[in-house]
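With these hints in hand, go ahead and build the complete structure from the sequences.
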Amino acid sequence: MHDIPGHSTQSLDAPAPTASLGPYIRWQLLIAIGGIFLLTLLLGVTAYNVSTELIPDQGGVFREGVAGNPQYLNPLLCQTHEIDQDLCRLLFRGLTRLDAGGRVVPDLAESWSGTPDGLSYTFRLRQDQFWHDGSPITTEDILFTVGMLQAPDTPAVPDLAELWRSVEVEPIDAQSVRFVLDEPYAPFLDYTSIGLLPKHIWQNVPPAELIGSPLNQNPVGSGSMRVAEASARMIRLEPNPFLGADTPYIAALEFHFYPDYPSIYAAYTKGELDGISRVLSNDLPLAKERDDLQLFSALESEYTSVILNLKNPDTPFFQERAVRQALQYSLNRERLIEQAIAGQGIVADSPIPANSWAHAADLPTFAYNPAQATRLLDEAGWIDRDADGVRDKDGRPLRFVLLANDDPSRQQMIEQISADWRAIGVQAVSQSVSFAGLVSDFLAPRRFDAALVTWSITGDPDPFPLWHSSQAAEGGQNYSGWMSEEADTLIKDARSTIDRSKRETLYARFQQLFLEELPALPLYYPVYTYGVSQRVKNVQIGPLNTPSDRFVTFPDWYIVTRRVPANQMGDE
Numbered sequence: 023m024h025d026i027p028g029h030s031t032q033s034l035d036a037p038a039p040t041a042s043l044g045p046y047i048r049w050q051l052l053i054a055i056g057g058i059f060l061l062t063l064l065l066g067v068t069a070y071n072v073s074t075e076l077i078p079d080q081g082g083v084f085r086e087g088v089a090g091n092p093q094y095l096n097p098l099l100c101q102t103h104e105i106d107q108d109l110c111r112l113l114f115r116g117l118t119r120l121d122a123g124g125r126v127v128p129d130l131a132e133s134w135s136g137t138p139d140g141l142s143y144t145f146r147l148r149q150d151q152f153w154h155d156g157s158p159i160t161t162e163d164i165l166f167t168v169g170m171l172q173a174p175d176t177p178a179v180p181d182l183a184e185l186w187r188s189v190e191v192e193p194i195d196a197q198s199v200r201f202v203l204d205e206p207y208a209p210f211l212d213y214t215s216i217g218l219l220p221k222h223i224w225q226n227v228p229p230a231e232l233i234g235s236p237l238n239q240n241p242v243g244s245g246s247m248r249v250a251e252a253s254a255r256m257i258r259l260e261p262n263p264f265l266g267a268d269t270p271y272i273a274a275l276e277f278h279f280y281p282d283y284p285s286i287y288a289a290y291t292k293g294e295l296d297g298i299s300r301v302l303s304n305d306l307p308l309a310k311e312r313d314d315l316q317l318f319s320a321l322e323s324e325y326t327s328v329i330l331n332l333k334n335p336d337t338p339f340f341q342e343r344a345v346r347q348a349l350q351y352s353l354n355r356e357r358l359i360e361q362a363i364a365g366q367g368i369v370a371d372s373p374i375p376a377n378s379w380a381h382a383a384d385l386p387t388f389a390y391n392p393a394q395a396t397r398l399l400d401e402a403g404w405i406d407r408d409a410d411g412v413r414d415k416d417g418r419p420l421r422f423v424l425l426a427n428d429d430p431s432r433q434q435m436i437e438q439i440s441a442d443w444r445a446i447g448v449q450a451v452s453q454s455v456s457f458a459g460l461v462s463d464f465l466a467p468r469r470f471d472a473a474l475v476t477w478s479i480t481g482d483p484d485p486f487p488l489w490h491s492s493q494a495a496e497g498g499q500n501y502s503g504w505m506s507e508e509a510d511t512l513i514k515d516a517r518s519t520i521d522r523s524k525r526e527t528l529y530a531r532f533q534q535l536f537l538e539e540l541p542a543l544p545l546y547y548p549v550y551t552y553g554v555s556q557r558v559k560n561v562q563i564g565p566l567n568t569p570s571d572r573f574v575t576f577p578d579w580y581i582v583t584r585r586v587p588a589n590q591m592g593d594e
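All you need for this note's numbering is the position in the sequence shown, starting with 1, plus 22.
Hints may contain errors.
[Stated by the list, open to error] In the DSSO-like style, the derived pairs of lysine-lysine whose C-alpha atoms are separated by at most 30 Å in a straight line are:
1. Lys333 / Lys514
2. Lys310 / Lys559
3. Lys524 / Lys514
4. Lys415 / Lys333
5. Lys292 / Lys310
6. Lys292 / Lys524
[Stated by the list, open to error] Label pairs and their computed distance ranges (CB to CB):
7. Pro180 / Arg468: 17 to 27 Å
8. Lys333 / Pro386: 20 to 30 Å
9. Val227 / Ala288: 33 to 43 Å
In case anyone wonders, no lab produced these hints; they're calculated from the structure.
A quick note: this is a predicted structure, and the numbers were derived from the prediction, not measured.
Cβ atoms here follow ideal geometry from the backbone N, Cα and C, with glycine treated the same way.
Below you can see the structure in the form of structure tokens.
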């Protein structure tokens, strides 16, 4: 073997020299360790300078407590039960829906048009709409649903069935239908918000068997949620995968059933729930003190008033306008709202709810004025002649019975009202009865003097059912027996006029006339209060047609979050 000039050779088996390389290796180690330290420091500074944000993520279950159990998960049957309304709102859709102001806006229908005479409406379905089972929604489903409502033996609410029986429905093509009315009826569009039934699911069920059908237990609709699980204790809803809209952040919504509202509040305090479907005024003070509970309040589309029976021969004094006005002036309604319902209301100035498009501005409010009430009664000849604390005239004392249902807040309310009236020499004997008894035993047969009643006015504010003179007879809901030719004309003209601005003018005059006559004494517009755990974010509610409208923004609520760099927020 020859050596290469200028280079040394070394056998592989010979030991390598080490003494001369020792300091070199130590320096390499020190440099490496220093580099790692500097790199770690640099990464730490970089991470510190790059901020992150929490954003909503998919997942989580929202558990809400409701009072009672569902009865009919069917859009043709759910109008009278609050839980049914909540569920039908989520499970079914109609051609239209009502917005926060009670106006009709498109839903399953992409558009509609009406003839100038108000007798014909043509609706066109949106493209690519599906039932929960993936089947397409067509005009056949519209025709089928209307047919179920029109059937002589339908179990639907009588007023609903009566309206649809006066309507002819004509298919135009696979996506369009035409409704033809026998006379102009402006509130008709409200009725097109009723949820549709899928023909392919229900076509073999006769209308008379609608209530008892097992299909109600596992409904197929087209709403934003569908039934995933149901039992006697709860029902679990999950997002509709065929909706085509943004998927809700929350993976499931569960309704847990309790016997009453106090039980719901108690269950929340034990950590069993995330939502309280209605926070009662009795629970509100404690609820406000909880750090883990968000409270949301909104005006309901209702008003509470004292109805006076103008036709009762035992109370002829109610026919005197001065007496009715005196009773209204003597009511301290702000104190009534604060003490009887924990502030959950605002003073009413009209029989049309404050959040309705038809509510008139600048109406008289009858501010609390017992001196004015006293003056009106004195001038009308109602004087306390025998010094017993009760005014009288022509030998008849100004005395009557004031009824309310047996809810504790209602009992407190009529006691406070009676106290206000007693202060001006009017004796109202407060009496509580069951809700069913109040309607069936007293209001319907007109066997009452005065009664505390709340009316729900959902959607179109048409006052015909409550205040037209034709409804004063037994079987109608004009329980006061108010008869006014001018009011009748205004009501009839408003419900047959399609032009919204003209209807507003007519309803403004109706409200003014109502306040001049006072066939009932407006008290307050109720406020609905909803409770949600702090762990649920981005919950918002606005004006409500019904409490079920609280779920309009449900797709935006979230429970689960994840952290992302702030510079990526625009990409989320």
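Going down the list of hints, with the structure as the test:
The straight-line distance between the Cα atoms of Lys333 and Lys514 is roughly 23 Å, inside the 30 Å bound, and the hint therefore holds. Among the hinted pairs, Lys310 with Lys559 is consistent with the structure: their alpha-carbon atoms are about 18 Å apart, no more than 30 Å. Proposed proximity of Lys524 and Lys514 is supported: the alpha carbons are some 13 Å apart, at most 30 Å. For the proposed pair Lys415 and Lys333, the alpha carbon gap of about 19 Å is at most 30 Å, so the pair holds.
At most 30 Å may separate the alpha-carbon atoms for a hinted pair to count; Lys292 and Lys310 meet this at roughly 17 Å. Under the criterion of a C-alpha separation no larger than 30 Å, the hint pairing Lys292 with Lys524 is inconsistent with the structure, at around 54 Å. Checking the proposed 17 to 27 Å range against Pro180 and Arg468 shows it holds: the Cβ atoms sit about 20 Å from each other. At roughly 26 Å, the beta carbons of Lys333 and Pro386 sit within the given window of 20 to 30 Å.
At roughly 40 Å, the beta carbons of Val227 and Ala288 sit within the given window of 33 to 43 Å.
Taken one by one, the earlier hints fail for this structure only at number 6.
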